Amino acid sequence: MSTMINNGSAGPAAADGENSEVLIRVENLVKSFGDHVVLNGISQEIRRGEKVVIIGPSGSGKSTFLRCLNLLEEPTSGKIYFGGIDLTDKNTDINAVRRKMGMVFQHFNLFPNMTVQRNITLAPVRTGFMKQEEADEKAIELLKRVDLLDKADAYPSSLSGGQKQRIAIVRAMAMNPDMMLFDEPTSALDPEMVGEVLEVMKELAEFGMTMAVVTHEMGFAREVGTRVLFVDEGIVKEENTPDEFFSHPQNPRLQDFLSKVL
Amino acid sequence: MASFWQNLADQFYQSFIEAERWKRYLEGIRISFMVTLGALVIGIILGILVAVIRTLHDQKKGSDRSPLLNILNKFCEFYTTVIRGTPMMVQLLIMGFVVFRTSRNLVGVAILSLGINSGAYTAEIIRSGIMSIDPGQMEAGRSLGMDYITVMKDIIIPQAIKNILPALGNELITLFKDTSLVTVIGLTDLTKAAQQIQAKTYQAFMPYNGIAIMYLLVVLVLTRLLAVLENRLRQSDRR
Chain L
1 MSTMINNGSA GPAAADGENS EVLIRVENLV KSFGDHVVLN GISQEIRRGE KVVIIGPSGS
61 GKSTFLRCLN LLEEPTSGKI YFGGIDLTDK NTDINAVRRK MGMVFQHFNL FPNMTVQRNI
121 TLAPVRTGFM KQEEADEKAI ELLKRVDLLD KADAYPSSLS GGQKQRIAIV RAMAMNPDMM
181 LFDEPTSALD PEMVGEVLEV MKELAEFGMT MAVVTHEMGF AREVGTRVLF VDEGIVKEEN
241 TPDEFFSHPQ NPRLQDFLSK VL
Chain A
1001 MASFWQNLAD QFYQSFIEAE RWKRYLEGIR ISFMVTLGAL VIGIILGILV AVIRTLHDQK
1061 KGSDRSPLLN ILNKFCEFYT TVIRGTPMMV QLLIMGFVVF RTSRNLVGVA ILSLGINSGA
1121 YTAEIIRSGI MSIDPGQMEA GRSLGMDYIT VMKDIIIPQA IKNILPALGN ELITLFKDTS
1181 LVTVIGLTDL TKAAQQIQAK TYQAFMPYNG IAIMYLLVVL VLTRLLAVLE NRLRQSDRR
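From first to last, the protein sequence lines are chains L and A. Numbering-wise, the first sequence is residues 1 to 262 according to this note's numbering. Numbering-wise, the second sequence is residues 1001 to 1239 according to this note's numbering.
There could be a bad hint or two in this list.
Pairs of lysine to aspartate or glutamate residues, derived as EDC-like cross-links and limited to a Cα-Cα distance of at most 16 Å, are as follows [what the hints assert, rightly or not]: (1) A:LYS1061 x L:GLU74; (2) A:LYS1200 x A:ASP1010; (3) L:LYS202 x L:GLU223; (4) L:LYS237 x L:GLU206; (5) A:LYS1200 x A:ASP1058; (6) A:LYS1060 x L:ASP256; (7) A:LYS1060 x A:ASP1147; (8) A:LYS1060 x L:GLU27; (9) A:LYS1061 x L:GLU73; (10) L:LYS144 x L:GLU203; (11) L:LYS237 x L:GLU223; (12) A:LYS1162 x A:GLU1230; (13) A:LYS1060 x A:ASP1010; (14) L:LYS79 x L:GLU27; (15) L:LYS100 x A:ASP1147.
In short, the hints are calculated from the structure, not lab data. Keep in mind the model is a prediction, meaning the values are calculated, not measured.
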């Protein structure tokens, strides 16, 4: 599993990211769709090795926040820096930045017109990051890690939801990203498949991957998260370590939310 | 009664066999095929270009559009409006007798005219195909760091083509039948061959019914081939 992460600076020891470098800095992020303000000024820092879990009621803006981090949504105002690069600057090569930020979607978004193996190797090859042979080797190695080597030549439509999501994680990992964004990765899964996906995410976390995870899995937040954010009405209303967050919630909205989901 | 059959046999003989006239139908079919194939290639290339430009334009918000994109989009709109708003035959007459009036390469003129015409319709078909693809596909491709064109080329267009294959097949069949219009610029396609033979034999029944059957047979074969292709492309959908 350790070979899944190549930027060895963050091993298990640095997993909580207390003193490591700031990977993402968000300054006063605002996003509105027309008159509807979804994000109303969020400022955050995510350090290398941190696993930040973002929770909140639906429509609170947590997915939009995540999607702003790799500019799938363009911020209305505010700044986002990734490794010191200003993503909101028009001259920034956003494709180069995205190669270092993997993303996993609620609905997997595998490419149905190609085999699993090609799903994984397409981006590394097309972006010139790897040669086809290298990418194939990498894909096979990653597929072994998630126990899906036998699916290399299958098409996505023949896979279960859990398998699809594990492939989607592998696809993102094939680019050797510095950070992974997870947008409700288990919300579209049948209950019995949630575990296998969380297991893969846990392994990633254990080996030091920096992660930002939007999820409703409170167990995962408590077990894997190094910091939990509660997003509501477009702002971060509370953030804390998982222990404090779940045992001593301060904000009344959070208390109410937790009483409903726990 | 016997004389009726005898008369029909004579007509058949004169229209198809005498003076090796069947060769002229074959030559006509060859020309019709060439024009169809050439126009199809031009039509699909133009169609994809126009569809991608118009989709890109529609997806971006006003402030993000570059001036170049705006100009290209306007040009594409102009192109589809003019082509879809004027009769195919008029377009052929203009191409044959105005734009390329000195050209002797009638096949080339026919291919270009039909290709440009087909492109306008193909563009709309492909655009609807692109819009039928889940936006998550583009997002997934872009999130991996691939640029817009690469994602379009490797991920969106192949899926779009699969979705619109029946409509594209229709366009191909229409195109093949529309080649009969190229007679107006003097190209000897299948229809023109029949006209010339009628002029020689003073008989219309056999040549025209003959080519009707030939057109129909080709269309039936094309329909069959398209069904096979559709099946093969659906491979990835199988469970």
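Requested in this report: Would you list, in rising numerical order, the hints stated earlier that this structure does not obey?
Outcome: Failing hints, ascending: 4, 5, 6, 8, 11 and 13.
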